[in-house]
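*Asks:* Read off the chains here:
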Amino acid sequence: MNIKTTIIKFQSIIALLVMCVVLAFMSDKFLTMENGWNIMRQISVNVCISVGMTLVILTRGIDLSVGSILAFSGAVAAGLLKFGVDIPSLNLYLGFTVFGAILGGFVVGGGLGLFNGWMITQFKVPPFVATLAMLTIARGATMLWTGGFPITGLGQNFAFIGTGWFLGIPMPVWITIIVVAIAVVITKKTKFGRYIYAVGGNESAARLSGLNINKIKIWVYAIAGILAAVGGIILTSRLDSAQPNAGFSYELDSIAAVVIGGTSLSGGRGSIMGTVQGALIIGVLNSGLVLLNVSPFWQQIIKGLVILIAVIMDRVNHPNED
Amino acid sequence: MREENIILRAENITKKFAGVTALNQVSLDVHRAKVNVIVGENGAGKSTLMKILSGVYPEYEGTLLLNGEEVNFSSPKDAMGRGIAIIHQELNLIPYLSITANIFLGREIVDSFGMLDFKKMNQITKALLARLECNVPPNTLVAKLKVGQQQQVEIAKALLEEAKVVIMDEPTSAITDAEVEVLFRIIATLKEQQVSILYISHKLDELFRIADRFIGLRDGKMVGTIENIDQAKKEDLIRLMVGRDIKNLYVKEDLPLGEEVLRVEGISLPKHTIKSEYLVKDVSFNLRRGEVLGIFGLMGAGRTELLETIFGLHSKTMVGNIYIDGQEIKITSAMDAVANGMGLVPEDRKADGLVLQMPVFKNVSMASIDQIVKNGLLNSGLETDLAKKYISNLNIKTSSPGQKSENLSGGNQQKVVLAKWLATTPKILFLDEPTRGIDVNAKNEIYHLINNLAKEGLGVLVVSSELPEIMAICDRIIVMGASRITGVFSQKEATEDKIMNAAIL
Numbered sequence: 072m073n074i075k076t077t078i079i080k081f082q083s084i085i086a087l088l089v090m091c092v093v094l095a096f097m098s099d100k101f102l103t104m105e106n107g108w109n110i111m112r113q114i115s116v117n118v119c120i121s122v123g124m125t126l127v128i129l130t131r132g133i134d135l136s137v138g139s140i141l142a143f144s145g146a147v148a149a150g151l152l153k154f155g156v157d158i159p160s161l162n163l164y165l166g167f168t169v170f171g172a173i174l175g176g177f178v179v180g181g182g183l184g185l186f187n188g189w190m191i192t193q194f195k196v197p198p199f200v201a202t203l204a205m206l207t208i209a210r211g212a213t214m215l216w217t218g219g220f221p222i223t224g225l226g227q228n229f230a231f232i233g234t235g236w237f238l239g240i241p242m243p244v245w246i247t248i249i250v251v252a253i254a255v256v257i258t259k260k261t262k263f264g265r266y267i268y269a270v271g272g273n274e275s276a277a278r279l280s281g282l283n284i285n286k287i288k289i290w291v292y293a294i295a296g297i298l299a300a301v302g303g304i305i306l307t308s309r310l311d312s313a314q315p316n317a318g319f320s321y322e323l324d325s326i327a328a329v330v331i332g333g334t335s336l337s338g339g340r341g342s343i344m345g346t347v348q349g350a351l352i353i354g355v356l357n358s359g360l361v362l363l364n365v366s367p368f369w370q371q372i373i374k375g376l377v378i379l380i381a382v383i384m385d386r387v388n389h390p391n392e393d
Numbered sequence: 164m165r166e167e168n169i170i171l172r173a174e175n176i177t178k179k180f181a182g183v184t185a186l187n188q189v190s191l192d193v194h195r196a197k198v199n200v201i202v203g204e205n206g207a208g209k210s211t212l213m214k215i216l217s218g219v220y221p222e223y224e225g226t227l228l229l230n231g232e233e234v235n236f237s238s239p240k241d242a243m244g245r246g247i248a249i250i251h252q253e254l255n256l257i258p259y260l261s262i263t264a265n266i267f268l269g270r271e272i273v274d275s276f277g278m279l280d281f282k283k284m285n286q287i288t289k290a291l292l293a294r295l296e297c298n299v300p301p302n303t304l305v306a307k308l309k310v311g312q313q314q315q316v317e318i319a320k321a322l323l324e325e326a327k328v329v330i331m332d333e334p335t336s337a338i339t340d341a342e343v344e345v346l347f348r349i350i351a352t353l354k355e356q357q358v359s360i361l362y363i364s365h366k367l368d369e370l371f372r373i374a375d376r377f378i379g380l381r382d383g384k385m386v387g388t389i390e391n392i393d394q395a396k397k398e399d400l401i402r403l404m405v406g407r408d409i410k411n412l413y414v415k416e417d418l419p420l421g422e423e424v425l426r427v428e429g430i431s432l433p434k435h436t437i438k439s440e441y442l443v444k445d446v447s448f449n450l451r452r453g454e455v456l457g458i459f460g461l462m463g464a465g466r467t468e469l470l471e472t473i474f475g476l477h478s479k480t481m482v483g484n485i486y487i488d489g490q491e492i493k494i495t496s497a498m499d500a501v502a503n504g505m506g507l508v509p510e511d512r513k514a515d516g517l518v519l520q521m522p523v524f525k526n527v528s529m530a531s532i533d534q535i536v537k538n539g540l541l542n543s544g545l546e547t548d549l550a551k552k553y554i555s556n557l558n559i560k561t562s563s564p565g566q567k568s569e570n571l572s573g574g575n576q577q578k579v580v581l582a583k584w585l586a587t588t589p590k591i592l593f594l595d596e597p598t599r600g601i602d603v604n605a606k607n608e609i610y611h612l613i614n615n616l617a618k619e620g621l622g623v624l625v626v627s628s629e630l631p632e633i634m635a636i637c638d639r640i641i642v643m644g645a646s647r648i649t650g651v652f653s654q655k656e657a658t659e660d661k662i663m664n665a666a667i668l
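Protein chains in written order, with this note's numbering: chain V, 72 to 393; chain U, 164 to 668.
Quick caveat, the hints were computed from the structure, so don't treat them as lab data.
Keep in mind the model is a prediction, meaning the values are calculated, not measured.
Just to be clear, a hint being listed does not mean it is correct.
Taking lysine-lysine pairs in the DSSO-like style, the calculated list, with each CA pair at most 30 Å apart, reads [stated by the list, open to error]:
{"id": "1", "chain 1": "U", "residue 1": "LYS560", "chain 2": "V", "residue 2": "LYS260"}
{"id": "2", "chain 1": "V", "residue 1": "LYS259", "chain 2": "U", "residue 2": "LYS560"}
{"id": "3", "chain 1": "U", "residue 1": "LYS396", "chain 2": "U", "residue 2": "LYS354"}
{"id": "4", "chain 1": "V", "residue 1": "LYS195", "chain 2": "U", "residue 2": "LYS309"}
{"id": "5", "chain 1": "U", "residue 1": "LYS493", "chain 2": "U", "residue 2": "LYS567"}
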């Protein structure tokens with residue numbers, strides 16, 4: 072391997088290190104343990120949903136609904152935990168443990184993701200449109216469920232998920248590490264992961280090889296929904312509150328992380344670890360710009376420019392893709 | 164023929180693609196105000212020649228003379244500006260724009276305010292369409308037109324540029340009989356208006372109706388012309404298309420055949436657009452273990468569609484029965500086909516055969532990945548071994564199993580696709596144009612491979628449009644024409660003349 076290909080391979084990490092060194096010189100608050108954990112905690116939600124987004128984009132799809140699904144599943148988990156399910160007509164009241172409430176959130180997230188996949192495969196709705204519709208639907212469902220008000224006061228046990236520490240590492244970071252580890256194994260070491268790349272790389276060849284394209288795609292969107300729910304539960308727990316407008320525009324941060332991490336929007340090329348690096352770059356950049364007192368307006372402009380630079384670099388390295 | 168009656172002359176045109184010679188020293192004349200018909204098998208070099216004449220390929224050896232003056236077209240637009248227009252088999256119109264907008268695309272007329280002058284453009288369009296007996300309002304959307312009418316729009320576009328030579332590539336392949344009649348009247352009118360036509364088609368009947376002369380191409384070489392059309396017979400035309408010497412060609416071993424492995428009965432596939440017309444019509448045949456069965460047909464005969472239909476890709480619209488080892492099987496998707504021991508090496512390996520950005524080993528294991536799974540995870544050792552086995556068995560030239568498939572040559576890519584299927588240990592293998600675009604050595608290797616597979620007891624179905632190839636490697640040859648089976652020959656009784664005769668109806 073020559074120097075050029077090495078640099079290309081590790082360009083995200085190099086960019087990340089350069090940013091860290093520069094920020095360490097510019098602000099003495101940047102290179103502290105506290106700030107480090109802050110950044111990790113802040114990006115954990117984005118990493119969770121971006122892992123799902125990576126799988127979707129690898130199949131040459133897109134999922135715009137993750138922010139709304141995140142809000143709805145977080146709200147469902149919070150609502151189940153605080154109020155349970157009361158059905159007066161059947162004279163039925165179901166209370167939920169923390170575990171049950173979280174499971175409820177997963178079911179909602181996975182179910183909505185499944186619905187996305189069903190629309191895309193059975194009715195040939197383009198992923199952009201199907202998930203755009205779900206973005207609106209899930210947001211509306213969140214408003215209905217919460218009545219437009221936050222659900223707060225969720226108790227110590229639930230709060231542990233978002234704010235607790237275990238073995239000196241914050242819980243959200245643990246959860247994220249587990250999600251990433253599972254996703255890396257799935258993409259690199261399982262049949263399903265291989266098929267995800269094949270479908271995105273050449274759907275026609277994959278179909279002719281006897282792969283069940285629809286099943287693969289439906290699963291990928293369902294997983295993206297479940298991971299949005301994971302993010303929703305972490306966020307709700309950390310804030311001790313399910314906000315009706317939680318996760319607003321998170322899909323954009325997530326796509327940004329995937330793209331900066333070198334995954335191709337034309338499918339078939341990319342990696343989970345790339346996305347993690349992409350999310351880290353965004354997280355470090357956010358933190359650094361805040362510490363340097365850069366105006367929030369400039370922060371947005373700078374983030375946009377970083378996305379452009381990342382994609383241009385990617386184009387230069389892969390000139391032959393459409 | 165007097166010089167002034169020759170509008171376009173090609174002298175010693177040679178064109179090579181990556182070492183493969185598509186045209187070899189071709190010289191021909193296009194006669195003014197005549198219908199000049201080019202005949203030849205698929206792969207004879209007709210399309211390449213048309214693309215050179217219409218400026219699609221600006222790079223070639225040799226000389227083009229337009230009205231005696233040397234020209235070199237840098238682009239289709241350049242050729243168009245000099246009066247040479249091409250009507251492609253697949254029409255290039257923008258569906259949701261009007262006829263006028265399509266005809267004037269890129270050369271719109273604007274008024275003194277810089278706004279589009281619809282009135283003027285519509286008037287001109289109307290006049291052009293009238294010349295073609297087409298009475299559709301100029302502001303009609305192209306999407307609402309029938310295919311035949313869309314073709315007329317393409318011709319009108321050529322007329323707007325005052326084309327002197329109109330090249331038509333299989334213009335009747337997608338239109339109805341009534342539309343063909345209109346097209347022929349248009350061609351007659353164009354001739355009267357001193358437009359010269361260069362016409363490609365495989366349909367013999369129509370050729371004799373409209374041709375003024377024939378030009379024969381074979382294997383990239385000019386083989387002769389028939390000028391005296393009144394006395395020409397079908398046999399003369401076939402002689403122009405085939406009749407090469409077949410020495411040094413691989414010939415398949417004569418092997419004993421086994422049990423019947425595949426039988427299809429009454430396979431039909433209606434067209435999506437017109438349900439009363441068929442892409443495949445009532446095809447029945449059987450295939451035995453150890454047999455190599457060839458399917459020959461010219462472009463559009465329905466060969467690829469037949470393979471796709473049996474392979475389960477058109478399960479919603481197809482009719483007919485499929486039997487494997489004597490058992491009737493319902494095949495509703497490629498998944499079913501693969502599960503029942505079939506494999507399909509598609510015609511376009513880049514588009515349908517390989518995931519190009521994946522390394523060789525991942526493509527090899529694609530269709531049989533279960534055999535490299537250990538404890539629920541992909542085992543890279545098993546996977547590499549599998550790939551290495553086929554790299555050595557099929558003599559795939561690659562720097563390593565990890566090489567990206569897109570970096571391999573065409574022949575080696577084709578072997579990777581074959582390896583993918585052999586790894587599934589199939590009973591039946593469909594090969595669609597298995598040697599298209601690959602060099603002679605790789606071709607020969609693939610012929611030997613097909614022979615060995617038959618020896619091992621596979622049933623092999625080979626679609627090819629290369630006559631010598633199909634005659635050399637097949638035990639039996641089915642000829643298709645116009646979506647039907649038009650002839651079946653054993654290897655011994657097959658001759659080029661007989662096969663071509665059946666193919667061109």
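*Asks:* Please go over all the hints and tell whether each is borne out by the structure.
*Replies:* Okay, the hints, checked on the actual structure:
1. LYS560(U) / LYS260(V): 27 Å, holds
2. LYS259(V) / LYS560(U): Holds - the C-alpha atoms of LYS560(U) and LYS259(V) are around 26 Å apart, at most 30 Å.
3. LYS396(U) / LYS354(U): 24 Å, holds
4. LYS195(V) / LYS309(U): Holds, because 26 Å separates the two Cα atoms, which is no more than 30 Å.
5. LYS493(U) / LYS567(U): 36 Å, violated
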